[in-house]
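**Student:** Sequence:
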Amino acid sequence: MRTVDLIQKKRDGYSLNKEEIDFIVSGFTNETIPDYQMSAFLMAVYFQGMDTEETTHLTLAMVNSGDIMDLSGIHGIKVDKHSTGGVGDKTSLIVGPLVAAAGVPVAKMSGRGLGHTGGTIDKLESIEGFNVELTKEEFIDQVNKHKIAIVSQTGNLTPADKKIYALRDVTATVNSIPLIASSIMSKKIASGADAIVLDVKMGSGAFMKTLSDARELAETMVQIGKGLNKKTIAIITDMNQPLGYEVGNANEIKEAIEVLSGQGEAGLVKTCLTVAAYMTMAGGIYTDFNQACTALAGLLRGGGAMAKLKQFIQAQGGRTAVVDNPGLLPRAQNHLELKSDTAGYIQSIAAEPVGIAAMLLGAGRKTKNEPVDYAAGITLKKKVGDEVKHGDVLAVLHSNSTINRQSSQILNNAFAIGPQRPEELPVVYDVIK
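Mapping the sequence shown onto my numbering, position 256 (from 1) lands on 1205, and the numbers just tick up by one.
Calculated from the structure, these hints are not laboratory results. Predicted model, so just to flag it, every value in this text is computed and none were measured. Take the hints with a grain of salt, since some may be wrong.
Below, a list of computed lysine-lysine pairs in the PhoX-like style, where the Cα atoms sit at most 25 Å apart [stated by the list, open to error]:
{"#": "1", "residue 1": "Lys1158", "residue 2": "Lys1331"}
{"#": "2", "residue 1": "Lys1288", "residue 2": "Lys1317"}
{"#": "3", "residue 1": "Lys967", "residue 2": "Lys1175"}
{"#": "4", "residue 1": "Lys1111", "residue 2": "Lys1085"}
{"#": "5", "residue 1": "Lys1112", "residue 2": "Lys967"}
{"#": "6", "residue 1": "Lys1111", "residue 2": "Lys1259"}
{"#": "7", "residue 1": "Lys1331", "residue 2": "Lys1085"}
{"#": "8", "residue 1": "Lys1111", "residue 2": "Lys1179"}
{"#": "9", "residue 1": "Lys1382", "residue 2": "Lys1180"}
{"#": "10", "residue 1": "Lys1158", "residue 2": "Lys1332"}
{"#": "11", "residue 1": "Lys1111", "residue 2": "Lys1203"}
{"#": "12", "residue 1": "Lys1382", "residue 2": "Lys1158"}
{"#": "13", "residue 1": "Lys1219", "residue 2": "Lys1158"}
{"#": "14", "residue 1": "Lys1331", "residue 2": "Lys1219"}
{"#": "15", "residue 1": "Lys1259", "residue 2": "Lys1112"}
{"#": "16", "residue 1": "Lys1175", "residue 2": "Lys1382"}
Just the calculated beta-carbon pair ranges, DEER-fashion [as the list claims (entries may be wrong)]:
{"#": "17", "residue 1": "Pro1368", "residue 2": "Thr1103", "range": "17 to 27 Å"}
{"#": "18", "residue 1": "Val953", "residue 2": "Lys1175", "range": "30 to 40 Å"}
{"#": "19", "residue 1": "Pro1371", "residue 2": "Asp1000", "range": "18 to 28 Å"}
{"#": "20", "residue 1": "Asp1118", "residue 2": "Lys1175", "range": "21 to 31 Å"}
No residue lacks a Cβ here, since even glycine has one placed at the ideal position from N, Cα and C.
With the hints as constraints, model all of the structure from the sequences given.
**Tutor:** Written out as structure tokens, the structure is:
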């Protein structure tokens, strides 16, 4: 088998079989296939696409390139949740304890933030003492005891995906649905869960800008799950504005605590209840969506979710006092109010510039090894559809560094204000099973 023949075959629009895809993935991973040939192959896939069978073979080849987590020591149906990334996306921080409180084991490996999207691990590390580096035994024991553990991605999971993603990033082949779907699903399958719930973000602040693209990605990932005998559900949710009011690390923990105590912004609560309901259904706790939502809302109002959050933080060495007193979380020294210079209604809040502004304040990182300012971030004071008067505060910027004009200018440009109240955006667009 020759690599050049497989590049040509894909370039000409033919499907590759399992052996051919395994040959390419293993060859690139063990460096017998050079970057220039893999780049050509990725560009051929970008233009010609892949059918479901090929995409499933590609996913499995990436799974088999490294370690696969064995979570058989955890009792019950283990359900993992993945978000395709957004701004102010603190759903894992809310859904994890909520689903665990309902009785579903949540054994989750999460990443750090890079660029304009934040990472769950950075957010959890803003809680003093919180340990994201557990051994496999500690991880399994904690899930069996408390139904939840969230740790940093470690070990040699999907090394092929890491190598391929780095190459896609510099060869303009990121925006390919088969390549995105196989990258996400390979990581989730290697993580060892029994069922997967995907939160596919759609809109200006998401990877998928249109509903048709989001639906295609969601359907592809659900088909991969089916092909590999993993129950997979995809929920398409809105990212045409940041999720909730807070963007950052410590301030997103604060907002997660609000929701888990039965409060919180309506869109964020609905997103979390929807994702959590499908996770509890995948975990065999409930069979009916409305029944699941009602029960989960009861856990938010009745204190069950908050009790689980405290248990979770304590089990991983964090300071549980932050749950009752979020003022103990890191707080920034500098604050700047962004005021409206016009009157009307908020038409849109472009999520990506909000994420970039938060990153420039120190809440995110431009490069992989850059430190994060846990107290930095943005608090939105207005959301899409809200009325504003001249001089009203639109948002507050927080940082331990001097707040530069660039951050406030980028944030200001994210807000569009017009004379008419816009139509209300859906929170959930579709569910694909």
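**Student:** Given the hint that Lys1331 pairs with Lys1219, does the C-alpha gap stay at or below 25 Å?
**Tutor:** Cα-Cα ~18 Å, so holds.
**Student:** Are the Cα positions of Lys1111 and Lys1203 separated by 25 Å at most?
**Tutor:** Cα-Cα ~32 Å, so violated.
**Student:** Keeping to a limit of 25 Å between CA atoms, is the pair of Lys1382 and Lys1180 held or broken?
**Tutor:** With a Cα-Cα distance of about 8 Å, the restraint between Lys1382 and Lys1180 holds, given a limit of 25 Å.
**Student:** Lys1175 and Lys1382: Cα distance at most 25 Å?
**Tutor:** This hinted pair holds, its Cα atoms lying about 9 Å apart.
**Student:** With the threshold set at 25 Å, check whether the alpha-carbon distance from Lys967 to Lys1175 stays at or below it.
**Tutor:** Holds, at roughly 17 Å.
**Student:** Run the distance test for Lys1112 versus Lys967: straight-line Cα separation, threshold 25 Å.
**Tutor:** holds (20 Å)
**Student:** Holds or violated: are the alpha carbons of Lys1111 and Lys1259 at most 25 Å from each other?
**Tutor:** Violated, at roughly 34 Å.
**Student:** Would you check the hint for Lys1111 and Lys1179, treating anything up to 25 Å between C-alpha atoms as holding?
**Tutor:** holds (22 Å)
**Student:** Quickly compare the C-alpha distance for Lys1158 and Lys1331 to 25 Å and report which way the hint goes.
**Tutor:** With a Cα-Cα distance of about 23 Å, the restraint between Lys1158 and Lys1331 holds, given a limit of 25 Å.
**Student:** Does the Cβ-Cβ separation between Val953 and Lys1175 fall within 30 to 40 Å?
**Tutor:** Holds: the Cβ-Cβ distance is about 33 Å, inside 30 to 40 Å.
**Student:** Are Lys1382 and Lys1158 close enough, with their CA atoms no more than 25 Å apart?
**Tutor:** Answer holds: Lys1382 to Lys1158 is near 21 Å, not above 25 Å.
**Student:** Is the Cα-Cα distance between Lys1219 and Lys1158 25 Å or less?
**Tutor:** holds (21 Å)
Checked against the numbered hints given earlier, this structure breaks hints 2, 6, 7, 11, 15, 17 and 19; the rest are met.
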